[in-house]
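With the hints as constraints, model all of the structure from the sequences given.
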Amino acid sequence: MKIVQLLTTIAFGDAIGNDTLAIRDFIQEKGYETAIYAEGIDSRLPAGTALPCDEMPPLERDDILLYHASTGTPLNIKQLSYGGKKVMIYHNVTPPRYFSGYSPTAEDNCRWGELQIAYAARYVDYCIADSEYNKQQLLAMGCQCPIDVCPILIPFEDYEKAPDEKLLQKYRGDGWTNLLFVGRIAPNKCQQDVIRAFYVYQKRYNPKSRLFLVGNGKGEKYQQQLADYAEQLGIADKVIFPGHIKFNAILAYYHLADVFVCMSEHEGFCVPIVEAMHFRKPIVAYASTAIPETLGKGGLLLDSKDPELAAGAINRVLEDSNLKNYLLSQQEEELKRFQYEAVKARFWECLQKML
Amino acid sequence: MEETTVDIEKIMEEIRADIAKQPPMDIPPFDSFVSEATESDASFSASPITGLLKEEARYLREHYNYSYDSPVGGGIRGFIKKVIRRLVRCVVFNLVAHLNSFNFCVAETAEVTRKVLEGQQEEIQQLKEELAALRQQNEALSEQPKNN
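For the protein sequence lines, the chains are D and U, in the order given.
For the first sequence, my numbering begins at 1 and goes up steadily by one.
For the second sequence, my numbering begins at 1001 and goes up steadily by one.
To be clear, the hints were calculated from the coordinates, so they are not data collected in a lab.
Given the structure is predicted, the values throughout are model-derived calculations rather than measurements.
Certain hints may be false.
To be verified - Below 25 Å or equal to it, Euclidean Cα-Cα: the simulated PhoX-like pairs (lysine-lysine) are:
1. 203/D with 305/D
2. 1115/U with 78/D
3. 297/D with 1115/U
4. 135/D with 297/D
5. 208/D with 1021/U
6. 1115/U with 324/D
What the hints assert, rightly or not - The following residues of chain U were derived to be distant from chain D, with all beta-carbon distances above 10 Å:
7. 1061
8. 1089
9. 1123
10. 1124
As the list claims (entries may be wrong) - The following label-pair restraints were derived from C-beta to C-beta distances:
11. 144/D with 1099/U: 15 to 23 Å
12. 43/D with 1087/U: 25 to 33 Å
13. 278/D with 1056/U: 49 to 57 Å
14. 43/D with 1116/U: 26 to 34 Å
15. 207/D with 1024/U: 18 to 26 Å
16. 30/D with 1087/U: 50 to 58 Å
17. 224/D with 1140/U: 54 to 62 Å
18. 1008/U with 168/D: 50 to 58 Å
19. 349/D with 1007/U: 35 to 43 Å
20. 1056/U with 81/D: 24 to 32 Å
21. 1063/U with 146/D: 36 to 44 Å
Every residue gets a Cβ at the ideal spot worked out from N, C-alpha and C, and that includes glycine.
Pasting the structure below:
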């Protein structure tokens, strides 16, 4: 019996890519034959990590196909024609309206993705959703097969690797406060609201502060608008866009951060929030979609996008050691849900329903 | 170690109260950076031909899926229908799935075709305007007296 994974693109270093690799390792540990097939394979991945879709052998009735659904692609429909038992791992599709005015291609992609996945959800045998939020979306789409929730597998041991020393030396120990958000520079992640909160924070509470917006968005219209916006607000020198950086540089930014700020309006899970908890950084986040579920009591949740409220919350979390220590202790509790062994056990519980 | 409990709601109220005491900050909105593309896209949907196709494409997208499980009603008749459905399910279900898959591709193709036509409409309009401008220039030149 084979258990194979299929997805449209396996990227290097992103949440879905890492989840796919972790699931592969787990299935191998359990002694099953497994492989990853994808239409697009990031060249930075070691050779042989994944194979092209065309090379996938026919699946037998007892084989299991784990399909990662996260975007618009004909593969969302085509995967239904492969043999074996169909399991859809649903990571969520960004609502197309966020790309309106920025990228017609991305907007179309997301629109089709919603339709395709709603269609596919009616014909698969079982769904695994990253979050309760994603599960509710599947139900709203008309999915009638059993759906279970299992968080993304996060390899925490990778975060123990050495951070970029040069970056640490550049920014550490200068007495400045560092705000951080990690996530692709994309309209649904609302980096402009993080900039607005930072603007109020550095003007009203602490001029000696800077904001790191870590994520890839080079060449995108939205990133240019963010940079122009920071310029207009007079804080361009304090808002840093590191761009697409190596993993050890991302680690360095987490180490440097004093607080993690998230104003995203759409997340199916939000791995960076779990990462911030792992690095014991206090978190201030806008309560949207799956964020309250992932964060739990591990941070301050905002019920509005008011930049003054966000800045006030950021300042409070940094100035009030009682509050900060309390939130960090709550984070330790919340992290238990995402520990590798706990999630592996949960995933195995889900997979056994298909075996 | 004694666990400290913190009242988060109270803290948020305190933050709000603190903000209320301060003069509000006037921050330029991000929406002022609306891209030019948003404004020019509006002209596409105004085209008469593609405007019609838009409705057809939308209809296809909303109605492509045939449902195998329509209600059969109650009573003996409903029971017999359910039994028959169960017996032929293994054949019919696959047929319906393939049909819906084909319908879906048709809907997708219609949408892509509509967008191609939209783009061509815009191009034709631009060429017409350029042609009109060139004709005007030509007429103006031919009316000028020749200086020799």
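Each hint tested on the structure:
| no. | hint | result |
| --- | --- | --- |
| 1 | 203/D with 305/D | holds, 18 Å |
| 2 | 1115/U with 78/D | holds, 23 Å |
| 3 | 297/D with 1115/U | violated, 47 Å |
| 4 | 135/D with 297/D | holds, 21 Å |
| 5 | 208/D with 1021/U | holds, 23 Å |
| 6 | 1115/U with 324/D | violated, 53 Å |
| 7 | 1061 | violated, 7 Å |
| 8 | 1089 | holds, 13 Å |
| 9 | 1123 | holds, 16 Å |
| 10 | 1124 | holds, 20 Å |
| 11 | 144/D with 1099/U: 15 to 23 Å | holds, 19 Å |
| 12 | 43/D with 1087/U: 25 to 33 Å | violated, 52 Å |
| 13 | 278/D with 1056/U: 49 to 57 Å | holds, 51 Å |
| 14 | 43/D with 1116/U: 26 to 34 Å | holds, 32 Å |
| 15 | 207/D with 1024/U: 18 to 26 Å | holds, 19 Å |
| 16 | 30/D with 1087/U: 50 to 58 Å | violated, 38 Å |
| 17 | 224/D with 1140/U: 54 to 62 Å | violated, 41 Å |
| 18 | 1008/U with 168/D: 50 to 58 Å | violated, 32 Å |
| 19 | 349/D with 1007/U: 35 to 43 Å | holds, 36 Å |
| 20 | 1056/U with 81/D: 24 to 32 Å | holds, 27 Å |
| 21 | 1063/U with 146/D: 36 to 44 Å | violated, 28 Å |
Comparing the model with each earlier hint shows violations of hints 3, 6, 7, 12, 16, 17, 18 and 21; every other hint is respected.
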